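Asker: The chain contents come next:
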Amino acid sequence: MIREHPLYQLALSRMREFYREPEAVFWVFGFPIVLAFALGLAFRNTGPGKLQIGVARGPGDSALAATLDASPRLVATVLDTATARLRLRTGRIALLAIPGDPVIYRYDSTRTESGLARLAVDDVVQRARGRKDQVAVRDERAAAPGSRYIDFLIPGLLGMNLLGSGIWGVGFSVVQARQRKLLKRYMATPMRKSHYLLSFILSRLVFLIVEVVALVGFGWLLFGVAVRGSFASLAGITVLGSFSFAGLGLLVASRAKTIEGVSGLMNLVMLPMWILSGTFFSYSRFPDAMIPFVKALPLTALNDALRAVMIDGASVTTVGAPLAVVVAWGAVSFVIALQIFRWR
Amino acid sequence: MRERLGIQLQETQLADKLRVGEVLALFRSFYRQAHGVDEVLALVELEEKRKARVVTLSGGQKQRLAVACALVSKPDLLFLDEPTTGLDPQSRRQLWDIIRRFRAAGGTVLLTTHYMEEAERLCDRVAIMDHGKVIALGTPRELIASLGAEHVIEFTLADGAASEVVTDAVRGLNGVTAVRPAPAGGAGGAISLTVKELHRTLPALLTLLQQRQVELASLTTHHATLDDVFVALTGRQLRDT
Chain E
0 MIREHPLYQL ALSRMREFYR EPEAVFWVFG FPIVLAFALG LAFRNTGPGK LQIGVARGPG
60 DSALAATLDA SPRLVATVLD TATARLRLRT GRIALLAIPG DPVIYRYDST RTESGLARLA
120 VDDVVQRARG RKDQVAVRDE RAAAPGSRYI DFLIPGLLGM NLLGSGIWGV GFSVVQARQR
180 KLLKRYMATP MRKSHYLLSF ILSRLVFLIV EVVALVGFGW LLFGVAVRGS FASLAGITVL
240 GSFSFAGLGL LVASRAKTIE GVSGLMNLVM LPMWILSGTF FSYSRFPDAM IPFVKALPLT
300 ALNDALRAVM IDGASVTTVG APLAVVVAWG AVSFVIALQI FRWR
Chain C
0 MRERLGIQLQ ETQLADKLRV GEVLALFRSF YRQAHGVDEV LALVELEEKR KARVVTLSGG
60 QKQRLAVACA LVSKPDLLFL DEPTTGLDPQ SRRQLWDIIR RFRAAGGTVL LTTHYMEEAE
120 RLCDRVAIMD HGKVIALGTP RELIASLGAE HVIEFTLADG AASEVVTDAV RGLNGVTAVR
180 PAPAGGAGGA ISLTVKELHR TLPALLTLLQ QRQVELASLT THHATLDDVF VALTGRQLRD
240 T
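Note that the protein sequences, when read in sequence, are chains E and C. In this text, residue positions in the first sequence follow numbering that gives the first Met the number 0: the first is 0, and each later residue adds one. In this text, residue positions in the second sequence follow numbering that gives the first Met the number 0: the first is 0, and each later residue adds one.
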């Protein structure tokens with residue numbers, strides 16, 4: 000019986016039209032994974048790199064260079080004055096050590112790397128002259144899963160993906176149906192308008208499962224990105240996000256008559272959020288005055304909620320405020336879309 | 000109302016990516032009473048295309064699918080908007096057969112068309128519309144009879160130069176009810192006469208042309224059709240405005 004229900008048939012058609020379009024499938028499922036892979040590689044944690052140190056040519060240069068080179072963190076090269084000056088200026092060496100008494104360190108104190116080099120070189124030089132450590136210490140690297148860039152990135156990409164597929168998936172289908180006069184044709188049948196609009200939300204729900212599993216699974220398999228909170232919380236948040244963005248997609252597509260027109264509107268909605276909503280970097284980098292505005296965007300709220308659950312292991316009840324923002328956007332868009340929707 | 004109405008709109012393009020059977024399953028789900036997908040495919044003879052995607056169908060097949068979407072609800076009234084425009088003769092005949100079967104089963108069809116031949120063959124009542132107004136209404140027979148003539152003679156002159164002189168002369172011939180002259184200045188255009196009795200007027204016309212010493216380039220005669228009615232009515236309309 001359910002097979003003959005209009006809502007079931009409409010949602011089924013929606014899904015068929017989507018997965019029979021290979022380009023759409025790639026942009027929704029493949030692209031975020033490719034992006035996560037590329038960014039994960041680029042920002043992988045390799046431990047602190049070796050610092051390049053120059054040693055000025057002069058009496059005692061090779062002894063000093065050998066001492067510095069013996070340190071696992073330093074690479075020392077003996078250079079004549081002109082070359083050393085050039086390399087220091089262009090940043091190819093972090094610090095130039097001039098042997099003698101006193102030993103002179105020449106470096107740019109505003110460069111973080113040079114500051115580090117100053118400490119490391121001095122440490123090696125002083126120890127070589129017999130300084131003893133007074134306190135025993137041990138290093139611990141904090142590159143544990145949960146604090147890396149990829150851990151920050153995956154929830155952001157998930158949010159961005161839900162936004163993109165919601166707006167594209169709904170927007171394009173609606174405008175295409177309007178352009179091909181299919182909407183007009185449906186209006187000549189007893190089909191209920193609410194069924195038509197609900198079918199988008201239903202089909203989004205099915206694709207949502209695939210999207211979340213693909214991206215979260217990929218992050219877990221390749222980078223060990225774990226979901227610290229419960230999967231139920233993650234599922235709840237993604238469902239709300241997906242509904243909200245489907246509503247936004249309907250609103251964007253409610254009047255547009257051409258694919259070109261709706262494409263412009265979609266970019267107008269999505270591009271600012273990609274940049275502002277903390278997908279690729281934390282929105283705390285924006286000026287303080289902008290933060291309340293940024294936090295009011297649906298993607299910001301969704302990203303915050305996703306990160307709280309995935310990284311901090313928060314439960315869904317503690318992210319009520321951002322979820323309220325997400326739901327409000329969805330509900331308001333849906334209601335306005337229903338009012339102004341052009342059925343012809 | 001919508002439950003009892005089947006509509007095919009000229010400009011509707013069904014979703015390319017769906018299969019024929021899937022489109023019909025979707026449309027039938029909107030109605031309380033509907034044909035099965037197989038049943039309606041049989042009605043429009045598209046059974047073997049059930050699994051084909053819409054994009055792969057020919058123009059005629061797409062049009063039959065559009066009509067199937069209209070028929071699927073077992074409508075009492077079928078509205079067809081230029082169903083055969085742009086189709087090859089074979090496909091047109093297939094569509095005509097579908098329409099005739101629907102009619103024979105007791106359905107009512109409202110059909111718009113630019114093809115007078117189609118209206119003449121399929122319709123019980125015909126309304127001719129010009130600039131959004133009905134300018135004639137009746138059975139095809141009545142409309143043809145309203146021309147006041149049964150036959151049409153069309154001829155063109157070899158040199159064309161003297162056509163205006165001839166046009167005036169033929170008006171006076173016995174049994175000529177209307178003359179549609181060649182467009183002014185258009186040498187070689189056809190002159191069309193509607194006549195009551197072909198066997199009287201035709202010899203008179205030939206004699207006249209012989210007297211004037213003009214040669215015929217072509218001459219055809221046919222029974223008056225809706226085409227002639229349409230041209231006569233809309234042509235007169237144009238001259239009035």
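Check the hints yourself; a few may be wrong.
With a straight-line Cα cutoff of 27 Å, these simulated DSS-like cross-link-like pairs (lysine-lysine) come out [unchecked claim]:
#1 K192(E) x K73(C)
#2 K192(E) x K16(C)
#3 K61(C) x K183(E)
Derived from the structure by calculation, the hints contain no laboratory data. The structure displayed is predicted, hence computed values, not measured ones.
Asker: Is K192(E) close enough to K73(C), meaning Cα to Cα at most 27 Å?
Answerer: 22 Å, holds
Asker: Would the hint linking K192(E) and K16(C) be met if the CA-CA limit is 27 Å?
Answerer: 22 Å, holds
Asker: Given the hinted pair K61(C) and K183(E), is their alpha-carbon gap at most 27 Å?
Answerer: 18 Å, holds
Hint compliance for this structure: every hint is met.
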